[in-house]
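Given chain W's structure and the hints, the job is docking chain B onto it.
Chain order of the listed sequences is W and B.
Our numbering numbers the first residue of the first sequence as 37 and each following residue consecutively.
Our numbering numbers the first residue of the second sequence as 125 and each following residue consecutively.
Simulated from the structure, these hints should not be mistaken for lab results.
Misleading hints may appear alongside valid ones.
Said to hold, decoys possible - So the derived label-pair ranges between C-beta atoms look like this:
| id | chain 1 | residue 1 | chain 2 | residue 2 | range |
| --- | --- | --- | --- | --- | --- |
| 1 | B | Pro393 | W | Asn141 | 21 to 31 Å |
| 2 | W | Asp134 | B | Arg319 | 17 to 27 Å |
| 3 | B | Pro393 | W | Asp248 | 37 to 47 Å |
Claimed, not checked - So, partial list: chain W residues that the calculated Cβ filter (under 8 Å) puts toward chain B:
| id | residue |
| --- | --- |
| 4 | Ser128 |
| 5 | Ala146 |
| 6 | Ser149 |
| 7 | Phe154 |
| 8 | Asp158 |
| 9 | Trp164 |
| 10 | Phe173 |
| 11 | Ala177 |
| 12 | Gln178 |
| 13 | Arg220 |
| 14 | Gln247 |
Computed from a predicted model, the values in this text were never measured in an experiment.
Ideal placement from N, C-alpha and C gives every residue a C-beta, glycine not left out.
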Amino acid sequence: MGNQTTSNSATRAAATGASPEGAASPSAPRESGAQAALEISGVGKTFPPSDGSPGPGTVALDKINLSIRAGEFVSFVGPSGCGKSTLLRIISGLVPPDGGGVTVNGAPVAGPSTQVGFVFQDPNLFPWLTVRRNISFGPRAQGRGAEMAAEVDDLVRRVGLAEFADALPHHLSGGMAQRAALARALVNRPPVLLLDEPLGALDAFTRMAMQDEILALVRQRGTTVILVTHDIDEAIHMSDRIVIFSPRPGRVSQEIHLGGSFQRARNAPGFVDLRLSILETLHFAPSEAETGSTDPLRYI
Amino acid sequence: MSHENTESLPATNPPPAHGTAGATPPGAKNDAAARQGARPAPPYPVAQALAPLAASWIALGAHFWEWTEWLGVGTATPTGDSPAYAILLGAVFAIWLAFAGGAWFAAGLRAKVRHNGPLLTAGILTAVVWETVTARLGVLPMPYFPGPDRVFGVMLDEAPLLAESAWASLRLLAIGLGCGGVSGFLLGVWFGWSRRAAYWGMPVLKFLGPVPATAWIPFALMLFPTTQGASVFIVALASLFPMVVLTASGVAGTRHSHLEVARTLGAKPGQLILRVAIPSALPSIFTGLFMALSASFITLVVAEAIGAKAGLGWYINWAQNFAEYHKIHASLLLMAMFFSSLMAALFLVRDRVLRWQQGLIKW
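So that you can see chain W by itself, here it is in the shape it has in the complex:
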């Protein structure tokens, strides 16, 4: 990658139609008139020291501000420990923030609700329920099992598990289990869907197939999605916007708007350039100024 690293990221971004923004500026909706589905304002989170001593804790998130349009697909990337998963848990209401707040369609998030769906890295299917009953868990827990039965059947078919509907989770492969988990989260028709590295444990081919399946499902429903991923190709392929986090304290270091105009096919021109520019931001590819230092592990 020797000569590629010499070109600078701004020109690459211009060439690909993506526009990196500074960290400080909260992202303004790019298309006028688009309504913010999700508003994250001043969210902070500090964890106490793990040894229980009084002292200052770890600042996992430092006053995060983000505004996400309805129907937008946003990816959070960044090194381990930058707080992106914590932010996802705060958005879902599983964890309360220390400061700031999150609103979904104007309503503040006070706890987990059917407004925000969540898919975890581990499918976490209930092992005592069949695939169909896992997917219908949400409606049944809310006492709407009967009226949602058709919706459940439809989703079972859409995620390609029709012939496994009555199988128990331990009979499923990793990809099938994750598809069931996705259907389970989508059955409530949440306006916002949070994906915490849902494809992280899958093999490369299953992964690429599922990226497209997820895109098709959420596009059709107009779901607003936040995806946490370590896979930059995945982020570029799927997102309208990529938010890059820096660790300790967790902050937004850069936002890249790919928008609707960006051609995100895996073989599109500019894909590799964009990938390189993100790696550079994450300090995993040496920039012009840094070509002298060669140890990539120093940032981990």
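Frame of chain W, contents of chain B only:
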């Protein structure tokens, strides 16, 4: 904990092939059927089918023919005049003949013939040895060790009384285990779910729980006007402790991630307990039930011996008072059948309810 399940497991549920991307189709039954169709039917287990028949003929012969007299050995105590043992042997012969004969035509029964034939043969030959060392040769002293004809004879003669006793025991067990099991389950869920309840409740339980339930008998007799009430109380107490402890540990051990998933799917606390915590605690709850059942058997026999007017514990105590040793043997045999049937019923229910665990955990 149970060996009987592991044997029947491969037949009903072939283990998924792990190499094939874990994608075992859900119709495991179809799969098994297909495989069975592809493979020729298992050959007829001739030896296993014939052995029990031969053994029951030997047993009948040894029972009716005075062979010790003919050989000129032993003290030849006369065998009893009850036909019960002979009828039993005849019935075993006839039932096995029908079953093994059926397996000749129904290939599906052959595995069962192969499995049960040797065991049944051993059981019948044990009865032959039993009769030989007691009634025939008198190796074991006579009034204390009666032969099978006397023991089975008394079971037939006193069948109404024994049935009444078994029914009384079953009733006491059902009421006691029902009260203790249900309250133990409810307390367990409460202690497992609520930290505060566990803080106040568990110390009491840990302090009083290890006291053997039978030690509460004097207290129970003081507390209840009738011995029946006292018996129910201590049987309930015996089953309460294991149920609370194991239900609480099962509920408290619910995977945090399962609870989080359920919350993001819109489940409120009541639903979390009903639909997540309790199902995931079921394996532990069944272990608690198993222990509660064992504890209640012990307590039941002791409780019936102290003041009850019916029951298997009462019967064995009564037989002992009259030094009727063949009745003691008969009631022990009956208790073995009674308690092991209840255990088998519990395992049967567990295997059905916890079918989802097969393939995750080896029993």
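Verification of the supplied hints:
1. Pro393/B / Asn141/W: 21 to 31 Å: About 25 Å separates the Cβ atoms of Pro393/B and Asn141/W, which means 21 to 31 Å holds.
2. Asp134/W / Arg319/B: 17 to 27 Å: At 23 Å between Cβs, range holds.
3. Pro393/B / Asp248/W: 37 to 47 Å: Holds, at about 38 Å.
4. Ser128: holds, 6 Å
5. Ala146: violated, 12 Å
6. Ser149: holds, 6 Å
7. Phe154: Result: holds, 4 Å to nearest chain B Cβ.
8. Asp158: This interface hint holds because 7 Å falls under the 8 Å limit.
9. Trp164: holds, 4 Å
10. Phe173: holds, 6 Å
11. Ala177: It holds, given that the least Cβ distance between Ala177/W and chain B is near 4 Å, below 8 Å.
12. Gln178: Result: holds, 5 Å to nearest chain B Cβ.
13. Arg220: holds, 7 Å
14. Gln247: Since chain B brings no Cβ nearer than about 19 Å to Gln247/W, farther than 8 Å, the hint is violated.
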